[in-house]
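Novice: Just so you know, we're using my numbering here: the sequence shown kicks off at 1 and counts up by one.
None of these hints come from the bench; they were simulated from the model. Hints should not be assumed to be uniformly reliable.
[Unchecked claim] Calculated pairs, DSBU-like style, for lysine-lysine (alpha carbon to alpha carbon, straight line, at most 30 Å):
1) Lys331 x Lys500
2) Lys825 x Lys854
3) Lys350 x Lys559
4) Lys667 x Lys559
5) Lys350 x Lys405
6) Lys667 x Lys710
7) Lys459 x Lys710
8) Lys419 x Lys488
9) Lys331 x Lys402
10) Lys331 x Lys488
[Stated by the list, open to error] Ranges between beta-carbon positions, derived for each pair:
11) Arg636 x Thr330: 45 to 53 Å
12) Gln757 x Ser301: 54 to 62 Å
13) Pro527 x Glu634: 26 to 34 Å
14) Pro267 x Glu351: 38 to 46 Å
15) Leu681 x Thr330: 40 to 48 Å
16) Pro373 x Pro836: 48 to 56 Å
17) Asp829 x Asn688: 41 to 49 Å
18) Glu476 x Gly764: 26 to 34 Å
Backbone N, C-alpha and C define an ideal beta-carbon position, used for all residues, glycine too.
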Amino acid sequence: MEICYDGSFAPDFPPQCVTVVLAKLATGRKPEALGVDRFPVFADDPLRAAHLLLNDYLAELPARAATIAEATKFRLLPQVDNILLFHAAMDRAVWLWGQIAGKHGSAEARRFLRSLENLLKYLLTRGLPFLDNDFVRILGILTGPGHHLLRDLIPLQSLMDMVERHLERASLSYDLRAGLTALRRQWIGELELDNDPDVFVRLCALVSDVEDIKGFVCRVLNVTTSATELAGTFGAVEQHVRSHGCPRELEELLRAWLSTLEATKLPRNLQPYRGKLRALLDGSKLDEIEPGEAWSDAARSELSACSKTRRQHWHALIGHCLSVETSKPTKKWLRTAQELVGQVEEEDFKERVLRWFPLVALPRPVHREPIQPRWQPSPDLLITERNATILRGLAWCCAGLKDEKISRALSDLAEVCFKKVRWLGPRCPRVGNACLFSLSSTATEAAAAQLSKLDQLVKQPTARKRINQSLNQAAELTGQTRADLEEKSVPTFGLGADGKLSRAFGRHTSELRVLDSREVKLIWLSPDGKPLNAVPAEVKRDHAADLKSWQKLSKDIGKMLSAQRIRLERMLIMEREWDFEAWRQRYLEHPLLAPIARRLLWHFRLQEKTSPGAWLQGQLVDLDCRPLDWLAPETRVRLWHPLGFPVETVAAWRRWLEDNRVCQPFKQAHREIYILTDAELETATYSNRFAAHIISQHQFVALCRQRGWKYSFMGGFDFQSTPTLALPAWNLTAEFWVEPTHEQAATGVSAYLATDQVRFLRNGEPVELSEVPAPVFSEVMRDVDLFVGVCSIGNDPAWRDHGELEDGGNYWTRYSFGELAAPAKARRDVLERLLPKLRIAGACVLQERFLVVKGTRRTYKIHLGSANILMEPNDQYLCVVPERGSARVRHADVFLPFEGDNTLSIILSKAFMLADDAKISDPTILRQICGESGQP
1 MEICYDGSFA
11 PDFPPQCVTV
21 VLAKLATGRK
31 PEALGVDRFP
41 VFADDPLRAA
51 HLLLNDYLAE
61 LPARAATIAE
71 ATKFRLLPQV
81 DNILLFHAAM
91 DRAVWLWGQI
101 AGKHGSAEAR
111 RFLRSLENLL
121 KYLLTRGLPF
131 LDNDFVRILG
141 ILTGPGHHLL
151 RDLIPLQSLM
161 DMVERHLERA
171 SLSYDLRAGL
181 TALRRQWIGE
191 LELDNDPDVF
201 VRLCALVSDV
211 EDIKGFVCRV
221 LNVTTSATEL
231 AGTFGAVEQH
241 VRSHGCPREL
251 EELLRAWLST
261 LEATKLPRNL
271 QPYRGKLRAL
281 LDGSKLDEIE
291 PGEAWSDAAR
301 SELSACSKTR
311 RQHWHALIGH
321 CLSVETSKPT
331 KKWLRTAQEL
341 VGQVEEEDFK
351 ERVLRWFPLV
361 ALPRPVHREP
371 IQPRWQPSPD
381 LLITERNATI
391 LRGLAWCCAG
401 LKDEKISRAL
411 SDLAEVCFKK
421 VRWLGPRCPR
431 VGNACLFSLS
441 STATEAAAAQ
451 LSKLDQLVKQ
461 PTARKRINQS
471 LNQAAELTGQ
481 TRADLEEKSV
491 PTFGLGADGK
501 LSRAFGRHTS
511 ELRVLDSREV
521 KLIWLSPDGK
531 PLNAVPAEVK
541 RDHAADLKSW
551 QKLSKDIGKM
561 LSAQRIRLER
571 MLIMEREWDF
581 EAWRQRYLEH
591 PLLAPIARRL
601 LWHFRLQEKT
611 SPGAWLQGQL
621 VDLDCRPLDW
631 LAPETRVRLW
641 HPLGFPVETV
651 AAWRRWLEDN
661 RVCQPFKQAH
671 REIYILTDAE
681 LETATYSNRF
691 AAHIISQHQF
701 VALCRQRGWK
711 YSFMGGFDFQ
721 STPTLALPAW
731 NLTAEFWVEP
741 THEQAATGVS
751 AYLATDQVRF
761 LRNGEPVELS
771 EVPAPVFSEV
781 MRDVDLFVGV
791 CSIGNDPAWR
801 DHGELEDGGN
811 YWTRYSFGEL
821 AAPAKARRDV
831 LERLLPKLRI
841 AGACVLQERF
851 LVVKGTRRTY
861 KIHLGSANIL
871 MEPNDQYLCV
881 VPERGSARVR
891 HADVFLPFEG
901 DNTLSIILSK
911 AFMLADDAKI
921 SDPTILRQIC
931 GESGQP
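Please build the complete structure, drawing on both the sequences and the hints.
Specialist: Okay, here's the thing in structure tokens:
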């Protein structure tokens with residue numbers, strides 16, 4: 001084999017280690033040996049023995065590239081020999097790079113090079129005791145001629161680890177400083193910061209002076225900055241300022257940099273550097289909280305008033321919160337956090353975070369306007385990067401604290417952080433995720449209850465996914481099914497069996513009452529027991545903290561009630577069953593859930609005996625109000641669903657609810673039923689029942705999230721989203737096809753959607769509708785009907801002023817006054833029995849599609865589907881826009897047998913108003929009724 005060198009190395013390539021070899025070859029000297037990589041080994045080479053070992057190593061390689069495992073034959077060598085082997089492997093790698101860059105870059109050369117690179121990586125893991133001369137030689141190769149080809153020869157992270165370990169036991173020599181400085185300069189120049197900002201920061205910590213730092217800042221001021229380059233530059237600046245201070249000329253340059261960052265529209269991942277740089281310039285220490293937010297101002301004020309020792313302990317804890325950048329804490333971090341919480345005292349820690357966490361919901365104390373309000377989020381709602389890191393750490397510190405108040409505080413903080421902020425998205429998801437971590441790591445029923453509440457209340461898809469994972473983790477931690485965990489962990493809040501709770505405030509008493517599944521009321525009583533209209537001034541003055549806590553409790557109970565109502569309604573599709581004793585404890589006699597459970601219908605089964613039943617006057621009764629005295633502990637119980645029961649039975653239960661004035665928390669007896677039609681049997685795999693509607697996309701997205709469907713906005717961009725509902729119990733997925741219309745908002749998002757077919761999939765393949773379980777089909781179709789019924793533009797009373805959509809034809813008119821859908825038919829059925837009991841019964845006539853109301857001035861027709869109004873005799877349209885929040889009927893003599901049908905409430909409210917139209921004073925409505933002349 002001949003030595004392969006004829007001047008074909010890349011121009012200006014050879015570092016000194018190769019130049020020496022080439023010089024010997026140029027004089028005609030013959031090598032002692034020649035490796036399979038054509039590297040000549042000379043007898044006087046200081047690395048001769050190591051090169052001969054490498055000859056054997058490379059000669060024994062299989063046809064594939066070597067792995068690190070194949071280098072383990074060198075484990076038995078003394079470390080000094082491994083150091084020589086490392087240098088020899090670098091020389092050989094440089095030799096091969098020269099061939100690859102020149103004329104002889106064969107596949108074989110590349111294979112040898114990969115083998116040597118693996119060997120170098122392996123040797124770096126051995127913790128070799130390099131000396132200054134070793135590092136200088138390595139750095140000379142990495143920064144010398146051809147360095148642009150050799151930058152990936154060894155992992156620089158590992159090299160920096162070894163340099164730092166070396167400098168722990170030795171001082172920084174002149175030659176080593178020069179080598180590191182050369183590497184750092186290349187990092188700024190040719191290598192750039194994108195390669196590895198961490199290595200750059202570590203280099204700067206060793207060998208940078210103020211002039212270097214100024215040069216780094218000037219660079220990012222004048223060029224487009226990437227995330228890694230900005231991270232590296234800021235890290236170097238921070239290291240220098242923390243260690244050496246900030247001279248005036250550097251401070252001026254840094255303030256110019258801050259001004260540039262604040263005036264520039266930065267990507268979301270770069271925005272935190274504004275706050276970091278501002279904190280650095282303000283002289284914030286590593287263990288301090290940034291001011292400017294309601295919670296941070298309170299925390300800084302409290303900690304500054306502490307004793308010196310306690311303040312030091314808190315600063316140590318906050319510094320620990322700032323010490324981690326991973327998405328989850330390590331076990332070591334949690335152990336240290338537990339020790340630091342012990343130093344500040346657990347009770348003190350809990351008291352303070354219970355005060356600080358609720359303040360995160362408040363905007364900044366000093367209002368700030370966004371620079372670009374049309375597309376920038378409100379600065380008042382933003383949490384700085386540093387404070388978010390501290391909050392995340394404090395939330396992690398709560399993991400394992402078995403305190404119900406802490407669990408509620410974590411849940412509230414998570415809800416605040418997952419709440420959507422305009423132009424931003426979720427306010428601070430990493431703090432929210434930290435709360436979920438702590439709740440799922442705390443094996444208590446209180447923590448599980450808060451996770452269950454968040455599962456029902458949080459709508460953001462990514463957050464919901466995290467919450468589901470946390471609930472599953474909590475169930476696994478406690479050794480039970482998720483359903484059992486959610487039921488057992490519902491808190492009582494100290495409520496009595498009657499859903500009431502009392503608390504004394506000095507001479508006055510307050511009573512908290514759960515009125516229904518949507519309303520919790522605080523009643524105030526005087527010292528002699530008389531009801532008061534407002535909170536007594538004495539209570540506000542003398543018991544402000546207790547009052548705030550009491551009002552917070554009322555709010556928490558309301559949220560939990562809402563979450564439990566949603567969870568129970570979803571059980572209609574799950575067909576979950578309980579044994580009687582478990583059901584009685586978890587629902588019928590549970591202080592919080594009893595007001596919901598006792599207004600629902602249940603199905604009982606004991607062997608062959610079955611019967612629906614309801615709670616009435618302290619006992620469970622059947623349709624004829626006879627006690628169900630045959631119920632036993634082994635009786636199976638489930639929520640009653642009208643599907644599968646005769647129409648007469650369903651109608652009888654509806655009358656029973658109305659006769660006994662039982663208002664259900666959601667539609668159960670009056671629930672719409674959807675069965676397969678002949679048209680759907682013919683199409684087989686899809687339904688067109690709800691096709692060809694025009695719906696508002698923003699309303700639709702919100703309702704999808706509320707009902708558990710997955711969907712994202714569509715518009716004038718290349719993105720297609722199909723609304724889907726996962727049904728894992730049946731291995732099914734429901735799809736509701738929609739398409740964006742041509743009308744778009746300024747953001748490019750379509751304002752409206754056109755609806756299409758509904759279908760079911762299993763493992764990605766269409767399923768025939770006849771194979772879908774009847775309850776599943778009915779509940780999914782009910783959801784879709786709800787989407788159309790709530791989101792249709794036909795429900796907008798002011799739509800006629802807009803004109804019809806370009807691609808919608810006369811849809812609004814057809815929907816507003818057309819045929820009734822299933823919910824409207826159910827509404828008509830309720831009104832048929834309800835109207836005779838109302839004081840306006842004499843002025844009302846129920847027609848097929850309308851409730852006709854005869855007023856003093858005109859006769860009105862209210863559509864039972866859209867609640868829109870026509871006036872006789874010429875069917876003139878009357879636009880009446882309901883006030884926000886006015887869905888509930890405000891007339892004491894109106895009883896509705898279920899909650900949640902806003903349209904029915906609006907119809908009745910309009911009927912009461914129009915029946916007494918002589919008292920209408922709103923000029924907008926009067927002009928439509930009477931005309932400009934004031935005469936109808």
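Novice: Compare the structure with the hints numbered earlier in the document and write down the numbers of the violated ones, lowest to highest.
Specialist: 1, 13, 15, 17
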